[in-house]
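Keeping the supplied structure of chain L fixed, place chain W upon it in accordance with the hints.
For the protein sequence lines, the chains are L and W, in the order given.
Each residue of the first sequence is one higher than the one before, starting from 1 at the first, in the working numbering.
Each residue of the second sequence is one higher than the one before, starting from 47 at the first, in the working numbering.
Hints are computed from structural coordinates only; laboratory data are not their basis.
Even for Gly, the Cβ is constructed at its ideal location relative to N, Cα and C.
Everything hinted at is true.
Derived, one-sided and incomplete: chain L residues facing chain W with beta-carbon distance under 7 Å:
1) Leu14
2) Thr24
3) Val26
4) Pro30
5) Arg36
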Amino acid sequence: MGPKHGDVKIEDGLTWQYQDPPGTWVIVTPEGPLLRPTEPDDVAGA
Amino acid sequence: MITDGTPGGGPAGSWQLTAELTPKTAEAEAAATTGPAEPAAPAWDDAAADLRTTVKWMVAAFAAVGAAMFAKGFVTTPELSWADDTWQLVLAWIVGAAGVVGVGVLIYQAVQLLRPTAYELGTLPAEYVAEIDANPRFHLPSDVDTLADYLTRLQALRVQATRTTEEAARQEGVLDAATQAVPPDPDAVAAARLEVRRATVRRDSVRMALAVYSSVRETLLDRAGYWKPDRGLNRGGTIMLAAGILAAVGGIGYQLLLASPAESGDDTGGSASAPSIGELVRSDTAAGEELWRQLRLAECQADPASPRIAVVVASGTGTAADPYVVSTVPSATCRAATFSVVDDVARVSVPEPAPITYEPAEAVQSP
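Pulled out of the complex, with its shape left as it was, chain L reads as follows (with noise of 0.2 Å):
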């Protein structure tokens, strides 16, 4: 069973947190998921 959009993850001493569209891990601060909506189908609920 693979991860779903939301899930966190502690990495190499990095929080990341799971992205899907497009399904994948990203950089997560206290803000939020660090992500450059160039994109709208990179961004959930976008």
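Chain W only, in chain L's frame:
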């Protein structure tokens, strides 16, 4: 998959660095990639440079004042000899040496502030690190609370930046290969494009985080460069004050000790500046009686029973080194004589001016 809490659990209202999360220009994006190699921002550098310029002028001023103060003493050294003025010269050398040491300490302290120091995150001043850890929300990104945590994450982000960049480039190659495949495979191209998008999103998130961390690094290093001269000036202030006082006391004392005595060569050693009328009272000693006998001073006494005569006091203090020089007041019975006398033989008293206040009585009308 490891699920470890949810985001948003940090302190609220203190994310002052979030505005830097998204590079908006090509330069900012480049900085996100090459952040760790960027030089520190110039603001605190300028402040440190200004401070150092001030200190540099202070050093020049100290040196000039010291040179003028001590050189003047050597140049205008009066007619002092080691034989006659031994203690004066010894004291002058001691005080002068203390003054030179004071000026030297002043210059040393100031030069310490001029010495440039290169900092890296692992060699920040301990006091500065303590302040960072005490106020992490002011100094550090919002997701770390100590400098050690910040360093760990910065290192991890650098590793991830390299790794995700390479992965994105690799996926780009896969996409290019799929696009150029003959015959074309739309499913393979779509799959490759999705992987490129995933790798790009992942890489960009790392770059944005690294941009924040790199910006923080520059600020920390920049402020550390100002920290040393600033705190050095504060910490060395007491020492510099003490050294300044020592230099001033030494320089002034040196000048005073080498100063010539008052121009009193024409005044033949006496302390009295003008002759005055006084009274010479014989001591009850053999020397006093001999003086009285040889100079026949008894004939000058107003009261034969009281061995005291009126004299004109030319000078002197009554000591062996500075005896009184007195003259009798000639009369029909008292012959003129001028002689020296010390307190052991006879004492001289000069009456002090005594103010007399007179208030006329109110007129009373007689009956």
